[in-house]
Each structure stands twice: as structure tokens, then as C-alpha cells.
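Peer 1: Turn these sequences into a full structure, and let the hints guide you.
Heads up, the sequence shown is in this note's numbering, so the first residue is 24 and it goes up one at a time.
Keep in mind that the hints are not guaranteed to be accurate.
[Said to hold, decoys possible] Below are the BS3-like pairs computed for lysine-lysine, each with C-alpha atoms no more than 27 angstroms apart in a straight line:
id, residue 1, residue 2
1, K352, K434
2, K87, K54
3, K337, K295
It is worth saying that the hints were derived from the structure and are not from the lab.
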Amino acid sequence: MTTKHYFAVDLGATSGRTILASFDGARVEMKEVTRFANPMIPLGGHLYWDIAGLYNEVLCGLRKVASEGISIDSIGIDTWGVDFAFFGSDGQLLGMPYCYRDQHTDGVQEKFFEKMPAAEIYQRTGIQFMNFNSLFQFDTLRRNGSTALDAADKILFIPDALIYMLTGKAICEYTIASTSQMLNPTTGDLDPEILKVLDLPREKFGVMTQPGTVVGTLTSQVQEATGLGAVPVVAVAGHDTGSAVAAVPAADKEYAYLSCGTWSLMGIESDKAIISEDSFRENFTNEGGIEGTTRFLKNICGLWLFEQSRKEFKNVPSSVGELVALCEKSSFDGLINPDDPAFAAPASMTSAIREYCASTGQAVPETPADYCRCIFRSLALRYRQVVEILQNICNFPIKKLHVIGGGSQNKFLMQYAANALNMPVICGPVEGTALGNVLMQLKASGAVSSLGQMREISAASVDLVTYLPADTDIWNTEYNRFFTTVQNDR
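Peer 2: Right under this line is the structure:
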């Protein structure tokens, strides 16, 4: 088979990159083309995204590939969820999109619940409640008299907006739309009753589009600006977690996945949305997946705890690997609930951890090694707690955990997770989001025909590392203590 080349745009909420992938018929090799910052823009008392700047960065990456004489078979874009951009009837961008971290949605959920109760919203969408969900952003903008919202002819989620800027085609990609808390997983479209309450016409959101669909080709202007031809642009799983889960190299469905980075997303793949009293009570979410699947998952505070603590450590190794290895030099046995609100945005993460331990009658950490051990062990035990909830809700046995993302390289956290869960933990790919983006482009091109084939290619393209459980009796005792601690915390 002739080697094919695919261009992946992977945008996170702090940085972005463009990637050139090569496919030889059996495996994918990826090379970073460009990397760039994606800062929040403070302006007029609000926080925005510079979507024009992101669009320009995409053009820069395409230009660089074109300058090397490489022929691209298609382009795919994935981004963070919930945010959106407005376009006028002339196709022009109506200002910068709001950033989900903007405080204008603080405390707004209760105001919307006066129009539609929380239980009904969850029954219609199956999405967990977070104040920055698109649903609450739109309601806030409507109540605040947003001129951009009033003037908008098209309302497009961030990956769809960038596709529109590249192709002139307006779509509403399924996985990114599912993050909005406005999509009904039963009908597969935006919920008409929610749109009615928001006073938003359905036609403004573009055609609902499944991942793996060729949307169009680069406009003549983009072709001229980049030196490329009429390259197809594919709607991949536009939500970055959707792309990441598409790359999970699983051989069967009896697994849970963990997308492990600053935040941890833990869940299962389900044939349909799981909307029940249990899932509502536990605040689990049902996000759109590929090939009609649903990503039933829970958001868990992840390596944010470590990253913030690390900023305060003094006289410690500079490399993350060496710092993580400090776990071996500590016997500290304090535990925290990683999802306690105290750890969301403290002025000092180490102080927050010390205060939590003290308030729950435990010893307090003293050294960087103590903090690392406390954080990683607590995360591992929290993973077990969430897996147990998943197992009680889903209808198949969970026999292993697949971990994707940068956190999969943390060997202490991964071994702790295997010990706590008493099951194998299979790590890789590290670059799961970009690989999933490329795999969906392969599917759109006809190079693969199923999710199973995609996952075989994923497994062949990366070196997987498996951690087996050890010291299970000790970890069972620790879990009982953890469960008691987090159930009786403040």
C-alpha cells in the first residue's frame, strides 16, 4: 500500500498542535509539525478564545507541510468541549468566543432550573451538570442581552467553527454537540424542548454530522494561502476525549478507560446512553462516541493536584520522572478525596492538602515525597471507587483498565492503580487524542471500515505497557480506610 498522509489539529484549552501522520496500511506514525499557545484573552471583564489566531495557526501548519512537498489526504480537527462561536449571515465571525472559564456562568444553574428542572434536563440529555456547559452559557448570554447571540446566523461549536472557516460548510458534529447538555442521545439531535426554552432555532447549529464524515474541501482562499489543493476536511470525533477513546487499543468491551492528564476522565463505552436515577445521583455523563456508542464517564480531578503542588516544591529534581520517583522515599499514609472542592483552585495546593489531612484526623505531609505519595495513592483509590460505581451500573464485567494520555507514563500512579483496582492496567497510547483523530480520518477515507480495525491499528502503532496488581490485601485495607475518610470528610 502507498503511504498516506493525514493532518491532525489537536487543540487543548491551554495549547494546540498540528500533526502529520503517515499510514502504511498497518500502523500510524505521527510527527509534530507545529505547537502553539492557546491563551485565554481577558477583555472587557470577560475571558475569550482567539479563534482567528487558532485558525491562523492551522494555516501555518498546513503551509509548513505544503512547503515540504507532502501531499495530504485529509484534515481533521478536535478540541475541548462546550464552547462555540457566532457567525453572521454574511459568513463573518461575530467576535471572539467566550471561554468556558469565564465567570459569567457562576451560579446560573439554579436560574435555569426555574425554567426546566434538573431531573428533566438529565433525562433529556444524560449529561452531568457543570455551570460552564453550553446550555448554561447560552442562557446566560440570552439573559445578559448578548448582541452577538441576537445577530448570529450560525452557532458552531469550536471544531465545527474551524471547519467552517476552512471549508465554508456549517455542521454540528455529534460528539462535540453532546458536551453541550443540549443533545438528546435518544433522538441523536439537539433537544427541541431545550432549544425552545433557550429561544434558539435548530437551523442555526448546522447539520448533525457523525464522526468519520467528509465535510468538504479547503476553500479556494485557503488553498491559495497554504499552497495546497482541494484537500478534504473530515469531521473526526470533534471532542478531544471522543478522539482519545477512539484510539483505546482494546480487544473486547470488558474494560474501563481512563484518559489521564490534568483531569482524569474515567468511563466505559456503552451501546446506548445510560440514564437512570443512579447515574443522575452520581452525576455521570453520557457523551457521544463513534459508531453510535456512548462514552459513559465521570470527571475526576487528575494530575492537577500534582502539577499545582509541584510549583511549590523547593530543592527537588527538575524532571517529572525523578520527582514522581520520590514516592519510594516516603511511607506517608494520609489520603485525600481528589474531588473535594478544596482542591479546585486553592491559592496553595500543598496548604489545601495539609488542611484536608488535619481536618480528617490524619497526619499531614511534610516533604515533596509525602505529597506525591499522598496524591497518587488517593487518585488510585478514587479510580477504584469510580470503577465500582461503573460496574454496578453497566451490564458487562470490567476486567481491565486502559489508560491513555500523558498520565499513563507515571509508573507509580499506574502501579498504584493496578494494585487498588486488583486488575491489569494497560497504558498507551500517550498521544491518544491525535491518534484517534487520525484513525477517524482513515475511516472516512475507506482505509478502515470498523472501530475494531481502528483499534488493531492503534495497538500496532504504539508500545503498550501493562501493570499487574500486587499487594492486593494491603490495598483492600487501604481502600476501606479511603472510603471511610472521603465519606466523612468535610
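Peer 1: Hints broken by the structure, by number, lowest first?
Peer 2: When the structure is compared with the hints, only number 3 turns out to be violated.
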